[in-house]
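Heads up: the sequence shown begins at 71 in this note's numbering, then just goes up one per residue.
Do not take every clue at face value.
To be verified - Straight-line Cα separation of at most 16 Å, EDC-like style, residue types lysine to aspartate or glutamate; simulated pairs:
#: 1; residue 1: 281; residue 2: 192
#: 2; residue 1: 183; residue 2: 164
#: 3; residue 1: 107; residue 2: 89
#: 4; residue 1: 292; residue 2: 249
#: 5; residue 1: 281; residue 2: 196
#: 6; residue 1: 199; residue 2: 164
#: 7; residue 1: 183; residue 2: 89
#: 8; residue 1: 107; residue 2: 88
#: 9; residue 1: 176; residue 2: 285
#: 10; residue 1: 116; residue 2: 164
#: 11; residue 1: 116; residue 2: 138
#: 12; residue 1: 292; residue 2: 277
#: 13; residue 1: 268; residue 2: 255
#: 14; residue 1: 116; residue 2: 147
#: 15; residue 1: 183; residue 2: 94
#: 16; residue 1: 107; residue 2: 126
#: 17; residue 1: 107; residue 2: 192
#: 18; residue 1: 176; residue 2: 138
#: 19; residue 1: 107; residue 2: 140
#: 20; residue 1: 116; residue 2: 94
#: 21; residue 1: 292; residue 2: 245
#: 22; residue 1: 183; residue 2: 88
#: 23; residue 1: 281; residue 2: 255
#: 24; residue 1: 199; residue 2: 285
#: 25; residue 1: 199; residue 2: 105
#: 26; residue 1: 199; residue 2: 128
#: 27; residue 1: 176; residue 2: 152
#: 28; residue 1: 176; residue 2: 150
As the list claims (entries may be wrong) - FRET-style restraints, in silico, Cβ to Cβ:
#: 29; residue 1: 137; residue 2: 276; range: 43 to 49 Å
#: 30; residue 1: 265; residue 2: 89; range: 47 to 53 Å
#: 31; residue 1: 277; residue 2: 192; range: 44 to 50 Å
In short, the hints are calculated from the structure, not lab data. As the structure is a computational prediction, the values presented were derived from the model and not from experiment. Ideal Cβ placement from N, Cα and C applies to all residues, glycine included.
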Amino acid sequence: MPVPVLPGPVINLLVVDDDPLVLEALGHYFASADDMKVGATAENGKAALALLGEQDFDVIVADIHMPEMDGTTLLREVGEMDNPPVFIAMTAMDNDDTLLDVMSHKAAAYILKSSKPAYILETVREAVKGGTVVTPQSLTRLVEHLPELQNTTTMRPTAALDSHDIPPAQLRVLELLCEGQSNAEIAASTGYADGTIKKYISYLLAEFQAKSRLDLAIKALKAGYGQ
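Could you put the whole structure together from the sequences, leaning on the hints where they help?
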């Protein structure tokens, strides 16, 4: 049974894709949600930029591979704007290069076009709340590549290291988590009990106001930790 959505502001979407059938399908998905509307559609990044100069949108849902201007170029252009819309990247061709390019330029989400409608709708809602969403098929690979993201020019530290007063033990767990290690691997590296690691990670999630391990790792790397 679908989870009811409480009344609130309607999320205004700009949907960008060069395939009319995809635009139509996404239009149906978003029309089924009371808290969303498709304010406009565009067939490529260039057309989307023109619309962004004329209208305000809360969220951009864009294909990655398009003619004239692709989704990653659009993402970079949007990132230069003041108060840019939330950017959700969609792709039918999942690969490491695309994943890293999209996430290093601060997309809020990276999902597959084959995702179920309910997942796409929840991704929009989560992204609007400030969360980071990566399709499950890609999440493990992203965690493995997180150390690479900290070296990109668009993911410079956004806060000083002393902005979080993290005790040494928790800091060590954070560093290993940022390397993509599981709880079991962290336990092997540190000698801490599983319960202790879970407690430390809960502390870190609260400290960074993160919604998940992935969100925590990304926020920590942006802040200069895990180097």
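Which earlier hints turn out false for this structure, listed by number in ascending order? 3, 6, 8, 10, 18, 19, 20, 23, 31
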